[in-house]
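Protein chains: 2
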Amino acid sequence: MPKGFVGKVLRVDLTEGTTWVEEPPESWYRTYLGGSAVVAYYLLKELPENCDPLGPDNRLIFATGPFTGTPLAGSGRNNVGAKSPLNGGFGDAQGGGFWMAELKKAGFDHIVIQGRAESPVYLWIKDGEVAIRDAGQLWGKETKEVEDRIREELGDERIRVTQCGVAGENLVRYACVINDLTHFPGRTGMGAVMGSKNLRAVAVRGTQNVEIDDMDTVRELARRMSQEVNDGTRAASLKEHGTAGGVMGLDAGGGLPTRNFQFGDFEGAEKISGPTMTDTILVDRETCHACPIFCKRVVKTDAYGGVDPIYGGPEYETIGSIGSNCGIDDLGAISKGNEICNKLGLDTISAGMVVSFAMECFERGVLSKDDLDGLELNFGNGEAMVALLEKIARREGVGDLLAEGAARAARAIGPQALELALTIKGQEIPMHEPRYKHGLGIGYAVSPTGADHCHNIHDTVYENSADAVNVFGVIDPLPIDDLSGEKVRVFYYESNWKHMLNSAVSCQFVPWTKREYVDGMRALTGWDTSVHELMKAGERTATLARAFNMTCGFDDRDDELNDRFFTAFSRGPLEGKVIDRGTFNKARVTYYHMMGWDDLGRPTSSRLDELGIDWVADLL
Amino acid sequence: MPKGFVGKVLRVDLTEGTTWVEEPPESWYRTYLGGSAVVAYYLLKELPENCDPLGPDNRLIFATGPFTGTPLAGSGRNNVGAKSPLNGGFGDAQGGGFWMAELKKAGFDHIVIQGRAESPVYLWIKDGEVAIRDAGQLWGKETKEVEDRIREELGDERIRVTQCGVAGENLVRYACVINDLTHFPGRTGMGAVMGSKNLRAVAVRGTQNVEIDDMDTVRELARRMSQEVNDGTRAASLKEHGTAGGVMGLDAGGGLPTRNFQFGDFEGAEKISGPTMTDTILVDRETCHACPIFCKRVVKTDAYGGVDPIYGGPEYETIGSIGSNCGIDDLGAISKGNEICNKLGLDTISAGMVVSFAMECFERGVLSKDDLDGLELNFGNGEAMVALLEKIARREGVGDLLAEGAARAARAIGPQALELALTIKGQEIPMHEPRYKHGLGIGYAVSPTGADHCHNIHDTVYENSADAVNVFGVIDPLPIDDLSGEKVRVFYYESNWKHMLNSAVSCQFVPWTKREYVDGMRALTGWDTSVHELMKAGERTATLARAFNMTCGFDDRDDELNDRFFTAFSRGPLEGKVIDRGTFNKARVTYYHMMGWDDLGRPTSSRLDELGIDWVADLL
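Note that the protein sequences, when read in sequence, are chains A and B.
Each residue of the first sequence is one higher than the last, beginning at 4 in the numbering used here.
Each residue of the second sequence is one higher than the last, beginning at 4 in the numbering used here.
Any given hint could turn out to be false.
Result set (DSSO-like, lysine-lysine): computed pairs, CA atoms no more than 30 angstroms apart in a straight line [what the hints assert, rightly or not]: (1) A/LYS299 / A/LYS274; (2) A/LYS589 / B/LYS589; (3) B/LYS274 / B/LYS242; (4) A/LYS48 / B/LYS589; (5) B/LYS129 / B/LYS299; (6) A/LYS303 / A/LYS147; (7) A/LYS48 / A/LYS108; (8) A/LYS589 / B/LYS48; (9) B/LYS299 / B/LYS144.
Here are some, though not all, of the chain B residues that point toward chain A, as calculated from beta-carbon distances under 8 angstroms [claimed, not checked]: (10) MET4; (11) ASN473; (12) LEU481; (13) VAL491; (14) SER533; (15) SER608.
Everything labelled a hint here was simulated from the structure, so no lab data went into it.
Cβ coordinates follow ideal geometry from the N, Cα and C atoms, glycine included.
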């Protein structure tokens, strides 16, 4: 049994009502690590051609990695993957919490679920024992009630629950998965896949410890991070203000998505910033398994009839998506919108972008008040935003159309709506402006999940982290609007590192140096590994995901940015700024080549050989 | 000033009689490290188009690296580079000894020499002071006399001398450079370039220590290696029998080059093996700077009028090239031939291969006794071999033709000789049989210096070194006659690592693990480096060398193996064995692609970007 892993994969067939266990060899664990790579592995190996993402043949994969559940900060993460009902290709979402640590203690690294239960069920896993249980009484309920009922029914308050929400039940294409009520593998519609399988939740409880090769080193690494977080040496802003700490800086630079990405600066920025939240509605800070940073917010307000702190508080992505991006400067409205998404199971990024899409449609006369069930959907209308989110989650009225995502909704609405739907490969763009950070734009375009920030760069990597540069050698600092081959090199390195983090599986926010990370991986597994091997692991993940997308019909023409980003800002700090299309096209091909892909973005057999996944060639 | 380096490059113009000093920034040192990469850098940057290798425009570069001269075993190495008079492209040779450690103490990392002195000179460098001195009295002398006279003239017995020999003076195209009398940067004719510049020697003496970032770690690494070599844990065979320890194993496997590579087994193998040498003519063991292994042989015999132990003893390459490869089973003859090459300055590999070429020409009637100045040049004739080596070094009689190397000599002799000249890119093949080790065959073909073993793999890397596999991840053991994509992957990794070793600069025989090597590099330089950065450094070196060859007119058609290796052995353990040409061609292109080169072996701009050497694109 490989150290750092359980060594077991739980297989579930919901159609047959059967479960079984696979025990892959250590070489499999070392090649794929876990997380995103394991998702891609099973999708490539097992999905039939033209598999319906919402049909029984799709695989729903809950995947951990060697870091998961260890004492190392950032190890409270897991992936949920499947063929995505939102983008039609690689679906893969990362979230935090405590559920995944409990899963490993309960005896499994990963769960691979196929089929569809006849009626609602949930999975119950305790110390290697697995049961498929009736969830009829949970269907249609808010997430808190589902968690409470499961714990009550099974008689153990320490049970950890991951679930889809009402939005997932309703097959909203950007429904999220919810870990421990306040942590969300949010993107690519994994909640809808859960719903399509009639699987409302997976409850876990475990008491078995995973064997670690060198626990002394692991504890020493954990102790150092903890100490330096506590004394403010590392992650100080993240601890103090959460992920929203950077709102004012983005606004000042012209990179704060505003009114459906029409602008990069927002007059109400300060009112929705991290420090304002800290000073007003913040009542507590929360965290994930083993993490001393406590970046998670807990807010309480009487606005909108009251916002329940049990559902946490808005992240930066949420403050952007249903705040500035919808022209809303009211933390009360944002907190209420966040609570709705959390308790009903909507990805706040896609949900906010769908609302802002509808708002721009309304302001431009593409959608009327009648089309919108009587909502006056102007930018800035918090009440309308809150109402619309609930309609979407429940597929009520216009919510039924918007539950399909911006891309599908725009096609249904008509040609005038198309350019207002800011999606890439069908997924809505997160709260980072490519005209501000040009490298990030390449990242959006080539991301296997469509627009995504979880395996992207933020361009300022040089200034923030000498480590990132040093372990790779000499790389000169570059401006954030640069798209030279040197910038692509940084993107190539950093995005592969992040694909590795999503496979290992750990949080991107915890500021481990790459050297510490390798030390941690060695101590967990006993492998004599290196930055080189881990970088190749990330490249392997990205290439497997790329290959899966190719089997779904994607090609280089899907690696696009929206026209809006090639159009200049009409105001603000970046007035007149665009991404040059020729430079963008060249940078994209440069990235292909660095990845060992051909001019059209197809992985070459040579790179598949180098990555030890030559079996993929037969699928392409 | 970067730690681990002096921070100074000595420039010399022998035409003008001037010297000056360059002080490159630390980023330059970190990008290129030293050794082979620095050679390629200056050749690419400074050589005019169609530069005559033996003309004044050529640059002769003595290059060290961060490892050179430190307490770490293997640090007693340096490179000598130039455009090669043998292969017409990238000339680069590595050798050991003590001279290079003294050079750094004398105040320089590298020496770059251009021009041509009007009359013979030598360079004298002492603690940063440089003089160009008359060498008229040294010209035509054997190497021992030259070293003695210089020390006497300058009044310091501790002076270290590197020099060309009489062969270099005579522009023998495979003349070597001689460090400290018994260590040889042997390949690609660097001695001839020295001779062409009327530069007989470079004498150095230094008392300045190079600053090291973390000497405690360096000393601890050195102590551990020393202890494990002494207790037999590491490098035991190398210590006991030198590099010739493997002769019997090669013979048993059918991979001992015999009679100009006609066969892979030799009936006289045991008589010339390392253990036999140990038991008979060995009188001492010698070593290089800071190395506890003592792999260098010192032999003494009365055969052939006596062999002087001052010139050391034969390495495996020499025992192969003028032994089995010439059908000679007499250690006396081999030792005498070795002494002649050493004191006159011939690369024993090329020299032995030129002799075996002439022997096969003679046996096949392509050259007659008359053509050979009356020598009965049958395989196995030790006396004729010894006589011919002296003729070559002095360009006497048929030696004048053979001094041009096998490829040029064959073209002069006629069509029947062509297939008997076993050279790749004009350089004679070293003593490793590609039909035995198939990965090595790819290495010969794509090597920038032509056939070479100094940046190649030996195929058995899996069995010998778990470390080599582990830091790169999961790689299954492969048979030595495999040429799959997986084997190319290993070659890609291992050859780049060796290109890095030739740049860092250190010995390939010292069994540092890759992890120890990175620890050493960090401790020497203070850089937060990684296996990833060092692998990219090696890839950068190989790519720079490739680019230089392209500017010299080489293309993919030069990445060839001789027909002989696609022809089956007629006897021995590998009877019937060949390399399959289709498989070989495919593997070669797979290597190109892994290197980021196109189908025709041309580096892509994307890989140049990734390696931080985009300036090279303008030269291609």
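Evaluation of the provided hints:
1. About 19 angstroms separates the Cα atoms of A/LYS299 and A/LYS274, which keeps this hinted pair within 30 angstroms; it holds.
2. With a C-alpha separation of about 29 angstroms, the suggested pair A/LYS589 and B/LYS589 falls inside the 30 angstroms cut-off, and the hint holds.
3. Between B/LYS274 and B/LYS242 the alpha-carbon distance is near 20 angstroms, which keeps this suggested pair within the 30 angstroms criterion.
4. Pair hint A/LYS48 plus B/LYS589 holds up; C-alpha atoms about 27 angstroms apart against a cutoff of 30 angstroms.
5. Restraint check for B/LYS129 and B/LYS299: the C-alpha separation of about 28 angstroms stays at or below 30 angstroms, so the hint holds.
6. The straight-line distance between the Cα atoms of A/LYS303 and A/LYS147 is roughly 16 angstroms, inside the 30 angstroms bound, and the hint therefore holds.
7. In summary, the hint linking A/LYS48 to A/LYS108 is supported, as the alpha carbons are separated by about 27 angstroms, within the 30 angstroms threshold.
8. Proposed proximity of A/LYS589 and B/LYS48 is supported: the alpha carbons are some 27 angstroms apart, at most 30 angstroms.
9. At roughly 24 angstroms between alpha-carbon atoms, B/LYS299 and B/LYS144 fall within 30 angstroms of each other, so this suggested pair holds.
10. Taken as an interface hint, B/MET4 does not check out: its beta carbon lies about 16 angstroms from the nearest beta carbon of chain A, beyond 8 angstroms.
11. At its closest, the beta carbon of B/ASN473 sits 4 angstroms from a beta carbon of chain A; the interface hint therefore holds under the 8 angstroms criterion.
12. Using the Cβ-Cβ criterion of 8 angstroms, the hint placing B/LEU481 at the interface with chain A is not satisfied: the shortest such distance is roughly 12 angstroms.
13. Interface hint status for B/VAL491: upheld, as the beta-carbon distance to the closest one in chain A is roughly 6 angstroms, under 8 angstroms.
14. Hint status for B/SER533: holds, given a least beta-carbon distance of 4 angstroms to chain A, under 8 angstroms.
15. Here the hint on B/SER608 is kept, as its CB sits about 7 angstroms from the closest CB of chain A, short of 8 angstroms.
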